[in-house]
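Participant: Sequence:
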Amino acid sequence: MASSQTNFAITLGGTAENLLSARLGRSRLIITPLTENCWIRWGNTAAVDAGELVYANSPTQYSVANFPEIGGAVSVFSATTGAKIVVREV
1 MASSQTNFAI
11 TLGGTAENLL
21 SARLGRSRLI
31 ITPLTENCWI
41 RWGNTAAVDA
51 GELVYANSPT
61 QYSVANFPEI
71 GGAVSVFSAT
81 TGAKIVVREV
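The numbering used here puts the first residue of the sequence shown at 1, with every later residue one more than the last.
The set of hints was computed from the structure by calculation and includes no laboratory data.
Take these hints with a grain of salt, some might be off.
To be verified - Each pair of labels, with its calculated beta carbon distance range:
(1) 49 to 69: 16 to 24 Å
(2) 48 to 24: 15 to 23 Å
(3) 9 to 58: 17 to 25 Å
(4) 61 to 18: 14 to 22 Å
(5) 14 to 90: 13 to 21 Å
(6) 25 to 79: 27 to 35 Å
(7) 37 to 63: 15 to 23 Å
(8) 24 to 80: 18 to 26 Å
(9) 6 to 67: 29 to 37 Å
(10) 65 to 12: 30 to 38 Å
Said to hold, decoys possible - Only pairs whose alpha carbons sit at most 25 Å apart, straight line, appear in this in silico SDA-like list of lysine to any residue:
(11) 84 to 15
(12) 84 to 72
(13) 84 to 28
(14) 84 to 7
(15) 84 to 16
(16) 84 to 22
(17) 84 to 30
(18) 84 to 47
(19) 84 to 54
(20) 84 to 56
(21) 84 to 37
(22) 84 to 57
Here a beta-carbon is modelled for each residue, glycine too, at the ideal position from N, C-alpha and C.
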């Protein structure tokens with residue numbers, strides 16, 4: 001399966017949003033917040049201190065070996081409206 005890249009912008013800062021819908025067979029994600037740190041969470045709603053903290057300008061890779069729930073929906077929380085995130089999905 002080919003990889004895809006999505007450019008995402010937070011529409012309302014301070015509110016969790018759906019970053020990715022569930023997709024069975026997803027084996028790897030690379031998430032890169034471009035403008036500020038953000039929180040992501042698999043299958044539940046992301047919030048400060050609820051999920052994985054991903055640092056700005058630091059591509060973070062997740063694989064099915066370490067995150068079996070990777071095929072589930074992914075929620076994101078960022079404080080600022082317009083914050084940008086790049087997601088590469090395999």
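Participant: For the pair residue 9 and residue 58, does the Cβ-Cβ distance stay inside 17 to 25 Å?
Facilitator: holds, 18 Å
Participant: Could one say that the CB atoms of residue 48 and residue 24 fall in the range 15 to 23 Å?
Facilitator: violated, 30 Å
Participant: Could you see if the CB distance from residue 6 to residue 67 stays within 29 to 37 Å?
Facilitator: violated, 18 Å
Participant: Given a hint of 16 to 24 Å, does the C-beta separation of residue 49 and residue 69 actually sit inside it?
Facilitator: holds, 19 Å
Participant: Given the range 30 to 38 Å, decide if the beta-carbon distance of residue 65 to residue 12 lies inside it.
Facilitator: holds, 34 Å
Participant: Taking only the CA atoms, is the gap from residue 84 to residue 15 under or equal to 25 Å?
Facilitator: holds, 14 Å
Participant: Does residue 57 sit within 25 Å of residue 84, going by the straight-line distance between their CA atoms?
Facilitator: holds, 10 Å
Participant: Is the hinted pair residue 84 and residue 16 satisfied, with a Cα-Cα distance of at most 25 Å?
Facilitator: holds, 14 Å
Participant: Does residue 47 lie within 25 Å of residue 84 when you go C-alpha to C-alpha?
Facilitator: holds, 17 Å
Participant: Check whether the Cα positions of residue 84 and residue 54 lie no farther apart than 25 Å.
Facilitator: With Cα atoms ~13 Å apart, residue 84 and residue 54 stay inside 25 Å; holds.
Participant: Range hint 14 to 22 Å: satisfied by the CB atoms of residue 61 and residue 18?
Facilitator: holds, 21 Å
Participant: Would you check the hint for residue 84 and residue 56, treating anything up to 25 Å between C-alpha atoms as holding?
Facilitator: Holds, because 10 Å separates the two Cα atoms, which is no more than 25 Å.
In the structure shown, a violation is registered for the earlier hints numbered 2, 5, 8 and 9, in ascending order.
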